[in-house]
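Asks: What follows is each chain in one-letter form.
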Amino acid sequence: MKRIQSVLTIFFALFVALAAFSFRAEAAGAVFDNAKVLSTAEVQKLNEEIQRIEKTHNVRIGIVVQPSMQGRPIGQVANALLDQGFRGAPNGGIVLLVSVDPKKREYYMSTDNAMRAKITDDVGIKYIQSEMVPKLKDNKYGEAFLKYTAAIETSLDYYAKEGKPYDPSAGFSILAAIIALALGGLGGYGVREVLISSMSNVTPAARASEYLVDGSFDLAESDDRFLFMNVTRTKKSKSSGGSSARDESHGGGGGSF
Amino acid sequence: MADTSVSYKCPHCDAPLSFQPGNDKVTCEYCGTELEISAVEDLFQKKQEMAAKAQEAQEAKWDTEAAGGEWSEDEMAAMRTFTCSSCGAEIVADENTMATECCYCGNPTMLPNRFSGMLKPDFVIPFKKTKQDAVAALKEFYKGKRLLPNAFTANNRVEDIQPMYVPFWLFDSSVEAHAEFRAESVNVINTSDETITETSVYSCTRSGTMSFEKIPVDGSSKMDNDYMESIEPFDYSELVPFSAAYFTGYLADKYDEDAEMSVPRADKRVEASAIEVLQDTVEGYDNCSTESSAVIKEGGNVSYAMVPVWILTTRYNGQPYTFMMNGQTGKFVGSLPYDKQKAMMYFAGSAAIVMFITYFIAKLFV
Chain A
23 MKRIQSVLTI FFALFVALAA FSFRAEAAGA VFDNAKVLST AEVQKLNEEI
73 QRIEKTHNVR IGIVVQPSMQ GRPIGQVANA LLDQGFRGAP NGGIVLLVSV
123 DPKKREYYMS TDNAMRAKIT DDVGIKYIQS EMVPKLKDNK YGEAFLKYTA
173 AIETSLDYYA KEGKPYDPSA GFSILAAIIA LALGGLGGYG VREVLISSMS
223 NVTPAARASE YLVDGSFDLA ESDDRFLFMN VTRTKKSKSS GGSSARDESH
273 GGGGGSF
Chain B
656 MADTSVSYKC PHCDAPLSFQ PGNDKVTCEY CGTELEISAV EDLFQKKQEM
706 AAKAQEAQEA KWDTEAAGGE WSEDEMAAMR TFTCSSCGAE IVADENTMAT
756 ECCYCGNPTM LPNRFSGMLK PDFVIPFKKT KQDAVAALKE FYKGKRLLPN
806 AFTANNRVED IQPMYVPFWL FDSSVEAHAE FRAESVNVIN TSDETITETS
856 VYSCTRSGTM SFEKIPVDGS SKMDNDYMES IEPFDYSELV PFSAAYFTGY
906 LADKYDEDAE MSVPRADKRV EASAIEVLQD TVEGYDNCST ESSAVIKEGG
956 NVSYAMVPVW ILTTRYNGQP YTFMMNGQTG KFVGSLPYDK QKAMMYFAGS
1006 AAIVMFITYF IAKLFV
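Going down the list, the sequences are from chains A and B. Each residue of the first sequence is one higher than the one before, starting from 23 at the first, in this note's numbering. Each residue of the second sequence is one higher than the one before, starting from 656 at the first, in this note's numbering.
Because the hints were derived from the structure by calculation, they are not lab data. A couple of the hints might just be wrong.
Here are the simulated SDA-like pairs of lysine to any residue, each with C-alpha atoms no more than 25 Å apart in a straight line [unchecked claim]: (1) Lys257/A with Asn842/B; (2) Lys664/B with Leu249/A; (3) Lys775/B with Asn880/B; (4) Lys159/A with Ala172/A; (5) Lys986/B with Gly904/B; (6) Lys257/A with Val841/B; (7) Lys664/B with Ser840/B; (8) Lys680/B with Met251/A; (9) Lys995/B with Ala172/A; (10) Lys148/A with Ala1017/B; (11) Lys162/A with Lys877/B; (12) Lys997/B with Lys77/A; (13) Lys258/A with Lys986/B; (14) Lys157/A with Pro95/A; (15) Lys1018/B with Leu205/A; (16) Lys995/B with Leu217/A; (17) Lys997/B with Leu208/A; (18) Lys909/B with Ala899/B; (19) Lys77/A with Thr62/A; (20) Lys783/B with Lys986/B; (21) Lys909/B with Glu868/B.
With the sequences and hints as input, model every part of the structure.
Replies: This is the structure in structure tokens:
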């Protein structure tokens, strides 16, 4: 049994490596649009943007778009892509793999350990997801990938300046402040109303239950009849950030869109 | 108010229902709900019975004639009525009582007149609580009132407390109650793709009899009904046959709302409680609401009693404030003024604390 498992593992690793090689061989640069979802201008703009960030921060950044994963696990393939073409820069590397297969639209970002220290799995990757995924959902791939590069640049700039990973929740949030203001106002009003109502204990009596003679109640009729049944069905929303192929030398995260 | 007529409506959407010849089910044309014909017949037969009972309930009356008795000449000679020249309140006291302030408005001028006709009470609950008890209860009532103006307690005249016997009608009632409830049982099934919520709707019919004893309703229009209901309950084990001797040294209010006028308040409370008792028997469901009901009085005796109440009137910023204490049990009720500046400070302080906490919580999610 163990032998069969070992053979299968070797075959799988070989398959993933070949797949990664095929991605690499198809085009040059940082953006590999094998699904033809980007215009030439968009590819050129993204390549320029990525080159500028790579030069500034000594990192490697990649974007690969595939028409389908053909059943292959996207996280594993993204890790292999990273190892084959985007690892080795002094400050780390990151690659985004997107599959636009209508049956399963998914993406995965793979990072090496140097990049993982700057863009953490729990906070940094989620920040990039929050910036990029809404555009992916709208099929605006060019804008989505610009958001991806901009979020990476923001994270790297912050790390270079502060020496710690970027956490969007660490800064001042206007939205959180508005929510806090509204809830604070409601809370304050509630406390005020409770205190004002405590100034009076005058309450009219709506019932006469205290004057019900003990043991006087005699239930003469009790009849329950089924009338009908209402059935409502609510579709469960599918998680957009599920899959993970993290291991000792790979970070990142992904999901569907 | 219970319905006294019935129309055939879908129990799901309230649209009119009509039988289709040849079918073994009735289908609502509006919402598609299917109902067994036997279920519909049974449901609406019960509604018709309920409507008939509601009609019967409307016609039932209390025996208010039996409440109270006639005064003897000796008793009448010992009584005086006082009319407050400021607020018009009518107060009854024994011949030795000289009130110096109206217990309602605090007006110091009162002129005694000869007592004239009113029913003699059947019962009286003697005072058990003293003036010292009332003063202590008032001080206790102030405690913990964070918005109480400082000037209110500083200038308070706690000595202006009057003991008064207040006229109450006590309603005894045996009732036959009928009600139809709509009950729902909810079953939630979770599959990998969806959440299925099955809500089964039932019609639950309940009927029963029960008795209520001595539901108190005050017979004085000068006494605030909410205050009088708030000082309940009274311990009726200490109810004694009336004697004018109990009035000695106390004020007594004269009823100006007779038993007949007080009936609607008693009826309303009896009906609410009777339906509640029936509803408590509808068990095993997730939700239950009343569809229709009828409460029929089978017996309705009324007695007339004087109950002890301590009344405090005081003034703050030109406004009168009245507090009352049950003279038997010591239950103290009242409404205090509040300091608007203090209220604003508590609003601002608590709003700031809530804002501070919620900002950091909100940041985790936005």
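Asks: When the hints from earlier in the document are held up against this structure, which numbers fail?
Replies: 9, 11, 12 and 13
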